[in-house]
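Got chain L sorted already, so can you dock chain P onto it with the hints?
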Amino acid sequence: MKLKVCGMKYQDNIEQVAAIQPDYLGFIFYEKTPRHFNTKIPKLSSDIKKTGVFVNEDLNKVIQKINEFDLQAVQLHGEEAPFYCNMLRTTTLLKKPVEVIKVFSVMDGFNFKILDEYEAVCDYYLFDTKGKLPGGNGYTFDWSLLNDYPSTKLFFLSGGIGIDEVEDIRKFKESDASKYCYALDVNSKFELEPGLKNIGVLREFINKLSNNKKMQEYNVDERGYYGNFGGAFIPEMLYPNVEELRQNYLKIMGDPDFKKEFDQLLKDYVGRPSPLYFAKRLSENYNTKIYLKREDLNHTGAHKINNTIGQILMAKRLGKNRIIAETGAGQHGVATATVCALMGLECIVYMGEIDIARQAPNVARMKMLGAKVIPALSGSRTLKDATNEAIRDWINNPVNTHYIIGSAIGPHPYPDMVTRFQSVISEEIKWQLKEQEGRENPDYVAACIGGGSNAAGTYYHFLHEENVKIIAVEAAGLGVDSGESAATSVLGKEGIIHGCKTLLMQTDDGQITEPYSISAGLDYPGVGPMHAHLSKTGRAEFMSITDSDAMEAGLELSKLEGIIPAIETSHALAIFKHKTFKQEDIVVMSLSGRGDKDLQNYIDYFKI
Amino acid sequence: MNRIQTKLEEDKKLLSIYFTAGYPNLDDTTKIIHDLEKSGVDMIEIGLPFSDPLADGPTIQDSSTQALKNGMTTEVLFNQLKNIRKSVNIPLIIMGYFNPMLQYGVEDFCKKCQEIGIDGLIIPDLPVDVYHEEYKAIFDSYGLINVFLITPQTSDERIRFIDSVSDGFIYMVSSASTTGAKSGFGNEQTEYFKRIDNLNLKNPQIVGFGISNNRTFKAATTYAKGAIIGSAFVKHVTNEGIETIPNFVNSILK
Numbered sequence: 001m002k003l004k005v006c007g008m009k010y011q012d013n014i015e016q017v018a019a020i021q022p023d024y025l026g027f028i029f030y031e032k033t034p035r036h037f038n039t040k041i042p043k044l045s046s047d048i049k050k051t052g053v054f055v056n057e058d059l060n061k062v063i064q065k066i067n068e069f070d071l072q073a074v075q076l077h078g079e080e081a082p083f084y085c086n087m088l089r090t091t092t093l094l095k096k097p098v099e100v101i102k103v104f105s106v107m108d109g110f111n112f113k114i115l116d117e118y119e120a121v122c123d124y125y126l127f128d129t130k131g132k133l134p135g136g137n138g139y140t141f142d143w144s145l146l147n148d149y150p151s152t153k154l155f156f157l158s159g160g161i162g163i164d165e166v167e168d169i170r171k172f173k174e175s176d177a178s179k180y181c182y183a184l185d186v187n188s189k190f191e192l193e194p195g196l197k198n199i200g201v202l203r204e205f206i207n208k209l210s211n212n213k214k215m216q217e218y219n220v221d222e223r224g225y226y227g228n229f230g231g232a233f234i235p236e237m238l239y240p241n242v243e244e245l246r247q248n249y250l251k252i253m254g255d256p257d258f259k260k261e262f263d264q265l266l267k268d269y270v271g272r273p274s275p276l277y278f279a280k281r282l283s284e285n286y287n288t289k290i291y292l293k294r295e296d297l298n299h300t301g302a303h304k305i306n307n308t309i310g311q312i313l314m315a316k317r318l319g320k321n322r323i324i325a326e327t328g329a330g331q332h333g334v335a336t337a338t339v340c341a342l343m344g345l346e347c348i349v350y351m352g353e354i355d356i357a358r359q360a361p362n363v364a365r366m367k368m369l370g371a372k373v374i375p376a377l378s379g380s381r382t383l384k385d386a387t388n389e390a391i392r393d394w395i396n397n398p399v400n401t402h403y404i405i406g407s408a409i410g411p412h413p414y415p416d417m418v419t420r421f422q423s424v425i426s427e428e429i430k431w432q433l434k435e436q437e438g439r440e441n442p443d444y445v446a447a448c449i450g451g452g453s454n455a456a457g458t459y460y461h462f463l464h465e466e467n468v469k470i471i472a473v474e475a476a477g478l479g480v481d482s483g484e485s486a487a488t489s490v491l492g493k494e495g496i497i498h499g500c501k502t503l504l505m506q507t508d509d510g511q512i513t514e515p516y517s518i519s520a521g522l523d524y525p526g527v528g529p530m531h532a533h534l535s536k537t538g539r540a541e542f543m544s545i546t547d548s549d550a551m552e553a554g555l556e557l558s559k560l561e562g563i564i565p566a567i568e569t570s571h572a573l574a575i576f577k578h579k580t581f582k583q584e585d586i587v588v589m590s591l592s593g594r595g596d597k598d599l600q601n602y603i604d605y606f607k608i
Numbered sequence: 001m002n003r004i005q006t007k008l009e010e011d012k013k014l015l016s017i018y019f020t021a022g023y024p025n026l027d028d029t030t031k032i033i034h035d036l037e038k039s040g041v042d043m044i045e046i047g048l049p050f051s052d053p054l055a056d057g058p059t060i061q062d063s064s065t066q067a068l069k070n071g072m073t074t075e076v077l078f079n080q081l082k083n084i085r086k087s088v089n090i091p092l093i094i095m096g097y098f099n100p101m102l103q104y105g106v107e108d109f110c111k112k113c114q115e116i117g118i119d120g121l122i123i124p125d126l127p128v129d130v131y132h133e134e135y136k137a138i139f140d141s142y143g144l145i146n147v148f149l150i151t152p153q154t155s156d157e158r159i160r161f162i163d164s165v166s167d168g169f170i171y172m173v174s175s176a177s178t179t180g181a182k183s184g185f186g187n188e189q190t191e192y193f194k195r196i197d198n199l200n201l202k203n204p205q206i207v208g209f210g211i212s213n214n215r216t217f218k219a220a221t222t223y224a225k226g227a228i229i230g231s232a233f234v235k236h237v238t239n240e241g242i243e244t245i246p247n248f249v250n251s252i253l254k
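Chains as they are written, first to last, in the UniProt record's numbering: chain L, 1 to 608; chain P, 1 to 254.
This is chain P alone, in the form it adopts within the complex:
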């Protein structure tokens, strides 16, 4: 069983943290992962930076630009992670745009992920239809779970299709926005969370976008299995550096 699936069976609400690999400094990647695990985070999304991150707001854009300037590449990231499984046990997911993976070679990329012990991928600009037709077999053969996004505009029919193609969790984008654009939830989100909950999908949902503190984490996990924090964490690292990661995580989970 994949580490993501095992984690999802735990009887608790899960906290997943996104960070941009190679930011603020090129070699911060493994320290950030270790500190996040030690602080009690359940799952980590390692952001592979891209020059043109369409779905991201300014915070993650800027961290990606900086990471690339620092010299981050797919190869560098794989090298940094090559011994990560000697010390880290929680699920690790690589989140990135499709073009760098395409250039690396999708199969080679998947193979490398398996070697390292990456459990899954989130690729916002690889649509479920294309994945299903062209890449699912490859991902499956290397034991990787691919995670798809849904939004308040996604139709029930499409959600059910995504559910049928998924075998980990569904990334529930809280509102129509890029990352880091909005904070907090209104009635609209609550209604949406309830609507999805009522679909009784086979995959649990983890909410992302708009979660930045204990209050929003609790609100997001009322109806969902967990929540993902990205921009708020990257902001924290920008402002406070990487020495105070436990403080950030504690403030969410307190």
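Next up, chain L with everything else stripped away, as it sits in the complex:
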């Protein structure tokens, strides 16, 4: 459920509230209220919709305010007629379209009939308490009235909501009456004085609400932990770099200019949004509804580029001119080399000596893109050692270098930062599924997990949706008990790898061991701390898929849908053989990468 904080008045206070990241901020342009807004709106994150609140105002004046303050929504609190709402939706005088929210005061015996003529002319309704003055009156109404709500239009719930109502809200959310409730609208119960919001109480309210929904529990906390996992176990030499990032990443990501540039590149360069494709023949085969989120159609062929675009922009904001990265199969290396070419920055990619030999085409790609590929010669000479080498490089180059980690691993804030950049995947799934199925939430989301960045992005916006079940698919290699496996959630123990506390495969003596999978992208001995937490709390169901099951599933998708998936992704696809879904279930699966890079593997395996 979204949150709108209304009745903003003071510049500093607006910025403080914006930092809590509500979805809407309301500015009241009605003069007969102590919360009348009469100054400037500071620069806000584009994630927050600036909402102008008006009461029977002259239409031209409303239009002028919308343009002047760059409002994204208007909330109409008087007796504005349907044509008035329609005008705001259709007028050419607006620089950008606005959402129109029509307010209705509700009391016992409210006649929902009145909504009929508004159905076609506004985006949302807002139900408020009936009171003497227009606008916030601070009294809640009996929400069970909404049991009789005849419409399917989404609405805001308003009127006297405060911290004491958290339990009622929770009950309301579980009831049928909340089916179309889109957002909560809060105002006077969070004020020190009219128009001045109490940040502490607001924060507590959000925490309490999300605790009830267990959202807090699955997101990173202020110390950088997901439950017991995460943190930053780094040598002092890395502290200044990691600390610089920790202090700035949220600020930078929240900056509207950053967001704009990021979104623009995702759209024009990466090719987003990636389609959410209903896989008809696959669905028929398994008698359920399967949607594939087509990350394989991204530029460079996988989800990896979502993160590298984000981090390269981050690196530029931090004034870094030298980029380092680790890579296993070369996918993240290519995605990093690509964005470095795009931005004209020096790029050094560490890759295990053995992987360099196994993945010659990707090495060639990186070189074509202008990157320097340095072989990791230490240890087992694969991904884990490439990561060690990249970290050592960063220790030796503490000032001008940014390390683009390729997965949701590493010291805080990396897992959270990478997850946020990848969360565009689930953000898109929500509206795409809504378009196609009329609901935002599927019954299942599923993804394969190595370090877990595509999975983290696929789950992110569903973590707190209790009705959405999460499936995480690990590589079992030759079998979980074969000694040749990468099923970290089963075989791993709590420990520290690459700067974070998580589940990892290790000897009894605490030496990190080398995992095995046919898929180069899944054979990481650890797993991102968020996933370790999802595993331990049981929020996600972890499944292990063997090489052979994965390969078969890859072939099956190729033949049924005309899509050759990456072998990593094939692991996720193999769950349909092992788990039965109901016919009416909607399963959204991240198709994390395309199979071009794995062609030789498929050829060798199937003797094609």
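Source of the hints: derived by calculation from the structure; they are not laboratory data. Only a predicted model underlies this, so the values are computations on that prediction, with no experimental measurement involved. Just so you know, not all the hints are guaranteed correct.
Said to hold, decoys possible - Which bits of chain P does chain L cover? Going by a derived footprint, with three or more residues having C-beta under 8 Å, they are: (1) 15-29; (2) 68-81; (3) 101-107; (4) 146-156; (5) 166-180.
Said to hold, decoys possible - Capping the alpha-carbon separation at 25 Å, the derived lysine to any residue pairs in SDA-like fashion look like this: (6) L:K493 / P:T73; (7) L:K260 / L:D70; (8) L:K493 / P:K182; (9) L:K49 / L:E261; (10) P:K182 / L:P240; (11) L:K493 / P:V106; (12) P:K69 / L:K49.
What the hints assert, rightly or not - Simulated coverage check for chain L against chain P, where a stretch passes if three residues somewhere in it have a Cβ under 8 Å from a Cβ of chain P: (13) 367-376; (14) 490-497.
Virtual Cβ for every residue (Gly too), placed ideally from N, Cα, C.
Below, chain P without anything else, positioned relative to chain L:
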């Protein structure tokens, strides 16, 4: 009083040597310790090898890999050291990464160290903040001194925090690098040594990284209480074997 603290009160510049336990051969550990003490070394850092030593350059990485291949484990090391205090008097510090200690159990690890007569620990990937909140009480109860690193990039404020949490010495990393990456000091290092000296910290500083001979030892100890040699010693053992340890130490102290 802990042996480290007693040693730090001596009116001389201290030489501390790091070696990787179990290298070149599994059972060289005690001989190396004895020879180092006899040669006049003031303090020894016994490296507990780790599969993924992030802060180390190739020399110590390779020696760690070999030591693990030789069969070195935490348990084996503790067994090798169990009678060490019958014959060795200088301070002994175990230097290793946090994961093996975590798997052994931090409290059990500390208890074992106390039994053996280990005086302190250096754990590069256990940040001071985490130590302070979660582990200091345990270390204290077993009389162990935990030593923290500072680098030229560490802020004065953080150095003061580290100083307040420490009660032995501060390990002053000479430049931003992994171990064995650089040799010798430039003006930048001298400025840095002076800057730290001027902070008048309660804990003396011992310089590490970049010290490999008499000249660099002298330069490092101009402003600091002592210096640590790691990679250069491991290299010496690799090239010359363990029979010529006195020669190496003499060449530093001459």
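Verification of the supplied hints:
1. 15-29: It is violated: at least three residues are needed, and the segment 15-29 of chain P offers just 0 whose Cβ sits closer than 8 Å to chain L.
2. 68-81: holds (count 4)
3. 101-107: It holds: at least three residues are needed, and the segment 101-107 of chain P offers 4 whose Cβ sits within less than 8 Å of chain L.
4. 146-156: As far as the segment 146-156 of chain P goes, the hint holds, because 7 residues have Cβ atoms under 8 Å from chain L.
5. 166-180: holds (count 4)
6. L:K493 / P:T73: Since the Cα atoms of L:K493 and P:T73 sit roughly 18 Å apart, the hinted pair holds (cutoff 25 Å).
7. L:K260 / L:D70: The given pair, whose Cα atoms are some 15 Å apart, holds under the 25 Å limit.
8. L:K493 / P:K182: The hint is violated at about 36 Å.
9. L:K49 / L:E261: 18 Å, holds
10. P:K182 / L:P240: Satisfied, since the Cα-Cα distance of roughly 20 Å is no more than 25 Å.
11. L:K493 / P:V106: 15 Å, holds
12. P:K69 / L:K49: With a Cα-Cα distance of about 60 Å, the restraint between P:K69 and L:K49 is violated, given a limit of 25 Å.
13. 367-376: Three-residue rule not met by the segment 367-376 of chain L, so violated; n is 0.
14. 490-497: Contact hint for the segment 490-497 of chain L vs chain P: holds, 5 residues under 8 Å.
In summary, the numbered hints that this structure violates are 1, 8, 12 and 13.
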